[in-house]
Structures are given as structure tokens and as C-alpha cells.
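For chain S, the structure is supplied; the task is to place chain W on it using the hints.
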Amino acid sequence: MLDDKNQSSKYDFPDSRMNESQYRKCGFAALLILVLLAIGVPVHAAERTTGLWWMPDVASKGGDQIDQLTYFIYYLTGGVFVLTQIVYVYFLIKYRAKKGVRATYSHGNNQLEIVWTAIPTAIFIGLWGYSNHMWLDILHKEPPPDTMQVGVTAYQFGFSFQYPGASGNLGRSDVKLLSASNLFGNDPNDPITKEDFQSSVLELPVNKPVRIRLNSRDVIHGFYIPQFRIYQDAVPGRTIDWVWFIPTKVGSFELACSQLCGSGHYNMKAPIEVVSQADFDKWYKGKLAAAASASSTSAAAPAK
Amino acid sequence: MAEIIAHTIPGELHDSHAHPHELSFFRKYIWSEDHKTIALQYLFTSMAFLMIGGLLAMGVRFQLAFPNAPIPLIGTLLPSWLVTSAGAVQPGGYNGLVTMHATVMVFLVIMPFLIGVFGNFLIPLQIGAPDMAFPFFNALSYWLFLCSGLILLSSFFVPAGFPASGWTSYAPLSSHGLFNGTQAGQSFWCVGLFVNGLASIAGAANYITTVINMRAPGMSMFRLPLPVWALFVTAILLLLAVPVLSAAAAMLFFDLNFGTSFFSASNYGQPLLWQHLFWFFGHPEVYIMILPSMGLVSEIIAVNSRKPIFGYKAMVYAIVAIAVLGFIVWGHHMFVSGMNIVLSATFSFSTVLIAVPSAIKTFNWMGTVWRGSIRYTTAMCFALGFVSMFVIGGLSGIYMASTPVDLFIHHTYFIVAHIHYVLFGGSLFGVFGAIYFWFPKMFGRMMNETWGKIHFILAFVFFNCTFFPMHNLGLNGMMRRIADPPLYDHLRSSQPINIFVSVSAFCLGLSTIPFLINFFYSIFKGPKAPRNPWESNTLEWTLPSPPVHGNFATTPTVYHGPYEYSVPGMDTDYLPQSEPAPEAAKLAAH
Chain S
1 MLDDKNQSSK
11 YDFPDSRMNE
21 SQYRKCGFAA
31 LLILVLLAIG
41 VPVHAAERTT
51 GLWWMPDVAS
61 KGGDQIDQLT
71 YFIYYLTGGV
81 FVLTQIVYVY
91 FLIKYRAKKG
101 VRATYSHGNN
111 QLEIVWTAIP
121 TAIFIGLWGY
131 SNHMWLDILH
141 KEPPPDTMQV
151 GVTAYQFGFS
161 FQYPGASGNL
171 GRSDVKLLSA
181 SNLFGNDPND
191 PITKEDFQSS
201 VLELPVNKPV
211 RIRLNSRDVI
221 HGFYIPQFRI
231 YQDAVPGRTI
241 DWVWFIPTKV
251 GSFELACSQL
261 CGSGHYNMKA
271 PIEVVSQADF
281 DKWYKGKLAA
291 AASASSTSAA
301 APAK
Chain W
1001 MAEIIAHTIP
1011 GELHDSHAHP
1021 HELSFFRKYI
1031 WSEDHKTIAL
1041 QYLFTSMAFL
1051 MIGGLLAMGV
1061 RFQLAFPNAP
1071 IPLIGTLLPS
1081 WLVTSAGAVQ
1091 PGGYNGLVTM
1101 HATVMVFLVI
1111 MPFLIGVFGN
1121 FLIPLQIGAP
1131 DMAFPFFNAL
1141 SYWLFLCSGL
1151 ILLSSFFVPA
1161 GFPASGWTSY
1171 APLSSHGLFN
1181 GTQAGQSFWC
1191 VGLFVNGLAS
1201 IAGAANYITT
1211 VINMRAPGMS
1221 MFRLPLPVWA
1231 LFVTAILLLL
1241 AVPVLSAAAA
1251 MLFFDLNFGT
1261 SFFSASNYGQ
1271 PLLWQHLFWF
1281 FGHPEVYIMI
1291 LPSMGLVSEI
1301 IAVNSRKPIF
1311 GYKAMVYAIV
1321 AIAVLGFIVW
1331 GHHMFVSGMN
1341 IVLSATFSFS
1351 TVLIAVPSAI
1361 KTFNWMGTVW
1371 RGSIRYTTAM
1381 CFALGFVSMF
1391 VIGGLSGIYM
1401 ASTPVDLFIH
1411 HTYFIVAHIH
1421 YVLFGGSLFG
1431 VFGAIYFWFP
1441 KMFGRMMNET
1451 WGKIHFILAF
1461 VFFNCTFFPM
1471 HNLGLNGMMR
1481 RIADPPLYDH
1491 LRSSQPINIF
1501 VSVSAFCLGL
1511 STIPFLINFF
1521 YSIFKGPKAP
1531 RNPWESNTLE
1541 WTLPSPPVHG
1551 NFATTPTVYH
1561 GPYEYSVPGM
1571 DTDYLPQSEP
1581 APEAAKLAAH
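For the record, the sequence lines run as chains S and W. According to my numbering, the first sequence is numbered sequentially starting from 1. According to my numbering, the second sequence is numbered sequentially starting from 1001.
In isolation and in its complexed conformation, chain S is listed as follows:
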């Protein structure tokens, strides 16, 4: 599980809506690839073989909604662009300077100004309403009660994850306690802290809501999973606990840092494994048992 960074190509999930747009882009893509071949550029072996010009297949529940909105804006802006440019280019050709033809003397038209102020205003406010409703729905709504909580700490240059023990809850934490020896800022006096265990992989059961408790140990990092359509900065000095999502596809993904964080930023990432509930339970039990035996051997040295 840990070493299959290069296996995401195995999971090729068909999505008919996505493919339509891929075909739309095909002509342009083909032309570009022809140009690339013509200039002799080596084309690397591809992981994604289709839809290279478009979004990666969505793999989370909120992501579906975001894609709908992206498509809505795509058609809206695309339509506006095509319409205005057709009109514009038509004007540019039709009204080129010709001998003996004078330009029309006009300072404008106030009614037109009102129309093309009011229509964009209405469209933009409508779009804002749609966007904002979704924004609150995705981020601001309380997650369902069966949500699993995972602690995430970002540091120069990597991520660590913390899973709750049998109680199902992470121990209390405080950003002031965050240090190299206490990566998650856990409160040592909270009894359930001791049950928590750490992982270098973000292992998630499919179709189960997960809420992250996001911290940073040094500078601002980004928590970015393109397939989940999710991005949140991890800010030192504060805990961000409102981000939650539901992975909907089994597969391997990568968590990427998307906020410039120093010389190692270019390679700051962590593997994500979305697995079936049964596989997750197996993994979870194994990790829990390993953590318990490790803590019993080191129980003589209490955390400071």
C-alpha cells in the first residue's frame, strides 16, 4: 500500500459527462501534440491517457458539486466569450477604414449603458448566490455523526497524520503544544490522547465522511487534493477543523502542498489510500495494535 505511488493509472473511472468535454478539447489537443511531435519533443509515458486537458476525475462527494458549478461557469463564460468575440471581430472587419466612408458621430447611448450594467450585475449576483450556497453547504455544514476525525500536521517538508483510538475521537490538542516531539500538539493530560496513533499515509475508507484537524508546525502549507477538489491552507498558530469531505472512489491519490513553503516545497507530498471499509478496518486494527504494543514498551518514559 505504501509504495504504490505509481499505480493511480489502475483506477480509471469512466464518467460520461467528463468525457464529453474531453472530446471537445480533443481537436486542440491533437493539434498541439502534432506540433510537439513535429519539433521532436519526447512525450513522456503518460499516467492519465485521456482528458489530459481537463480536470482529473473527481473522487469526492463535495467535488461532484464543485464540478457542476465549474461546468456552469465554463458554459457561461465560454458563451459570453464566443458571443462577444464574434460580435467584436465582425465589427473589426465590417468597420475597417474605407475611402469616403466616415465614422458615425456618436457619444454613446445611456439606455445601452444601463442594459449592459444591469445584465452582468444580475448574472454575477446570481452566480454569487449559487456559489455561496454551495460554499456554505460544503464547508460550513456540520458533518454527519459517523464522521471520522483525522489529525494532519504539515511541516517543512512533509505531512503526518493522526488517527483516533478506540474511542473514535482524537485527543485534545492545542497549537501551543506543537513541537518536533509532539507533532499534533496533543494534550498529554487527556486520557484518550494515548490511544491515538500516527501514520505517514492518509488511509481513508471509501464513502465515509472524514473531517481533518489541520495544523502546521512552521510555515504556511497547503492541503491540496486535486481529485477531491479540496484545498485549505495550514496556518501555524491556529487549528483549522472545518474541512470535511467524503471520498467516493477507491484508489491511490496524492496529497500535495500547494503553498510555497521553502526549498523543499516542490516535493512536499504524502500518499492517500482510499480503500473499502473492510480493508480500512484491517489496516486500522493492525496500526492500533502496533501502536499499543509500542506505547506499552515505552510507557516508562512519559511524554513531556
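Please note: incorrect hints may appear among the correct ones.
Covered stretches of chain S (in silico footprint by chain W; criterion: 3 or more residues with CB under 8 Å from a CB of chain W, positions within the stretch not fixed) [as the list claims (entries may be wrong)]:
1) 86 to 100
2) 112 to 121
3) 135 to 141
4) 169 to 175
5) 218 to 231
6) 234 to 247
I should point out that these hints are in silico values taken from the structure, not numbers from a laboratory. Just so you know, even glycine gets a beta-carbon here, dropped at the ideal spot from N, CA and C.
Coordinates of chain W only, in the frame set by chain S:
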């Protein structure tokens, strides 16, 4: 008066009888207080910085297309903080290239081009003034600007080299040497921007005073040409926004070097404070960099369409609306920063509102060419290109304004595409157009139109080949500021797009060569320019090319607005602002 009197070219004899007294070489070309000479100083300096900023971009694009391949020819000559011993760009050095490319282009190229060059050159000439209100401050502003550029670029030579925390310099990465590894470079960055801010503030105070106090008789505010309106409003933005950056840069400098903790997470500091301060400056800054270009383009489009600008007052109100709204949208850079998510909704709302005046301007430009008589000069080509590119840049902004979509594309190449459509396809195309348009007035000679068109076509094609596919890279999920994209599973297959973008970028870089040759050749060998080659209405075209020190022999009187083109009842299709309308002319009220 002789057609060609003053020269700004060192080494040429100066026709002295136009002046009451002869200025020394030093006072005429080095510490000049003549706004036109200062404009040209800004012009040559910004062009040099444009080349440097462009070369930095070439370095960035080379690394992205061919990660870890040695840079040809110069690779092994570069310092060790930038490249490996084999001459390939290092990840830390890559961050430095990205940071300095953006810093140079924003603070040393686009701003001085628009505000330093055209603000200085056009404001006194178009309002009928002999010079700026404070000529000494004007000269000081240029020299401070040059100093700031030299300070920023000299970070190349300090230990660990260029600052490497991005042009946005988010704290606490930027505020701790331990985190960024480039303490010296980052300190230079703070000092450079502080000095640059002083230059901007001196310039802005000057422009505002000049426009308010020194307009010629009859030049009411609603008779101002649109470049002056845009530059006037921009100067107000500068005066309000730049001090915030200067203060923030000073605080960052203290954090870096004196152990204060304004922006650190410990000791009650607040990392998000930097982002609020930076973007409180940074978003008005975006409009500082586009409004003057909009003004210049409006002038070029009206003159070359031989038609009054469509909806002059709507254009003015749109500029003012953008300026006001520009101060309450900064939070849209911070939707995912950890800021309160309900606050994001508020900033999202003001952001969609600011799209409205931009839309109004676009429709008015289209209204101006409608039923015009379009002359396809090079300046006009760039201005028309500006409109299309600005439409793309504006529409792609809607994706970011929508908070949920921003969750996916924030900090990806989508935003890199967006900002370049606005700043290169927008601002810089406007600058190119304006250089072709006002070159005859600046140097008294014409640029070559054929080579101008070649420059335009190459720039237009390769600009789009370079920046349009970046939208697709962004949709692929390609993060900004990563030195080696194929390290990521989801980006490995996008590498051919990166190579295509880079090859286009190299061609785009090369496309400036015809421009540079045309520019410098024409300064010396271009055909002599008449007073008014484009048959334009504004006051500068009533003067000799180039105008003499002090500009107007007698103060002009202004009789009407600047866009009376193709007035019915007149023989000519233009009516200079300083000429009363003939009896037969049927001017329309507007």
C-alpha cells in the same frame, strides 16, 4: 516655431533659442526635472528591467519543461544557490527565479511603464500644463525607483541569493531566515520594496496635485482625456495602498533581522496579518497595473476608430467604481487561507461586483469600434488585442470569484494563466500599443509600421500559445511554484503541455527582438514625425514632436472634450481640443 526643436538623445546638438537658458548636460539628462525627460528615463530603465524579468521567466520555463536539465551555455556560470554543479536549476533557486520574475515585472516593469512613463509624459501634455506640480519630487521619484530596482536585483550577489518566498512573501516563511534560507535576499526584498514605495508615493502625490491644480483653462474634469482620468485615479490608489505595503515590508524586515514577531505564530504574532496587509495593498495594486492601460487603450481605440469614445462618462464612472471596490475585495486572495469562511462570502460578493465596471468598459470599447472607421495601425492592433485578452482574463477571474471552484483551482496554474492574461495580454499589450502611439511625440520620429505589425502578430500568437494552455494545466491540478511537476502522479501526463508552453514562451521572449530593433533604430533613423501623425485631438499633438522644455509657448484654451471625431459638418474628421468648433460643426451634448 521649428518643427523639431528639443531632443532627448544624448550627443545631439540642442536648439537653444527655444530656451531662456541652456541647461548643463547633467541637469538635462541625468538630474532632469523635465517631466518628458523623466518619462524617457523611466522608459529606458523599465525596458532594461523588462528584459531581465523576461530572462528570469525563461529560466523558470526551462526548468518546468526540462526539469533538472542543465541550462545550455550559461548554466555552469551561475552561482551555486541557483544551479547544481552540472548547471541545472535547484529547487531553492527555482523559487528565487519565480519570486524575482514576479517582483521585477510588477514593481520594476508594469508599474513604472504605466505610471512612470505614461503618467509623466502624458499628464502635463494632455492637460495643458508646462510640467508637473513638483518637478524636483518627480526627478527624485525616478532616482528612488532606479535605486529600488538595483537593490532588488543586487540580491543576486548576496549569500543564498534571490529572495525565495514568492512575490507575495507569505509570512512566516518570509519572516524567518531559518524557514526561507535566504535571509539576506529577503531583507533586500523588503528594503527594495520600501524604497520603491517611496518613489510611488512621491509620483502619486505629484500626479494628483498636477491634475487638480494645473489644468489649462477650459479643461474641466469631464474634458480630461481618459488616460489622464485613469492615471489620476491610479495615483489616488497608489497613495492609499502603497504605504500599507511599505509598512508591512518594514515590519517584515524587523521580523527577519531584529527578532520582532509581527507575523510569526509564536509570541502573539499573526501570520494572516501579513496576508491582510499585503493584499490590502495587493488588490488595489492589480488595478493600479490595469487602469492606466485601460486609459491608454481607450485613447488609442477612439483615435484609430475616428469616433468618440462610446460612453465617456460611463468609462469615467467605471474607473472610479473599480478604484473604490478595489479596496474591499482583497479577501478574495484568502478564501482558503484559514480566514473565517463567512467572511469569504462577503469578499466573494464584492468581487463579483467589481467585475461589473470591467464589463462596462469592455462593452464601451466594442461600442467605440462599432460604426467606426478603423485604422489598423500597430498601436491599434495592440489596443484591440488588449480588449480580447482582457475579456479572457476577466472571464477566467469569475472562476476564482466563485468560492467553491476556488477550492479546486486556487494556487494552481489557472491563476497563473489568469494573471498573465490581465498583466501581459492586458497591461503590457496596452504599454506596447502606447509606445507605438506616442513614440513620435517622444522622439520626433516614426516607428516602422511593418515591423510593428510583425511584432504584434508574433507577440499575440505566442502569448496565447504560452498562457492559454496554463488554464488546462491548472485544471489538471498543477500547483504554482513547484520546480519539478512530473514528481506528482497527477501531473506526469501533463508534461507535454508544459513543454509546449515553454517552447511558446521562448518564442514569445524572442518576439520582443523585432520590437527592440524597431524601437532603437527608429530613435535615430526613423522618418521625421509630424506634429499630429494620428490626427488626434488631445493637446500634446498641437506641440512640436518632441515638445520643448516647458511644453506650451502660450497656455492653450480648451473648448470641448477630447473625443470629437467625425463631427458632422466639418471637413476634417477630428477637432483638436484647443480649437473652437467651426460654425458648421454639429457637436452633440453628452
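Hints and how they fare:
1. Note: the stretch 86 to 100 of chain S has 8 residues with beta-carbon separation from chain W under 8 Å; the three-residue rule is met and the coverage holds.
2. Counting residues of the stretch 112 to 121 of chain S whose C-beta sits closer than 8 Å to any C-beta of chain W gives 6, which meets the bar of three, so the coverage hint holds.
3. Counting residues of the stretch 135 to 141 of chain S whose beta carbon lies closer than 8 Å to any beta carbon of chain W gives 5, which reaches the threshold of three, so the coverage claim holds.
4. Beta-carbon proximity to chain W at under 8 Å applies to 1 residues in the stretch 169 to 175 of chain S; the threshold of 3 is not reached and the given coverage is violated.
5. Check on the stretch 218 to 231 of chain S: 10 of its residues sit with their Cβ under 8 Å from a Cβ of chain W, so the three-residue criterion for coverage holds.
6. Look at the stretch 234 to 247 of chain S against chain W: 7 of its residues bring a Cβ nearer than 8 Å to a Cβ of that chain, three or more, so the hint holds.
In summary, the one numbered hint that this structure violates is 4.
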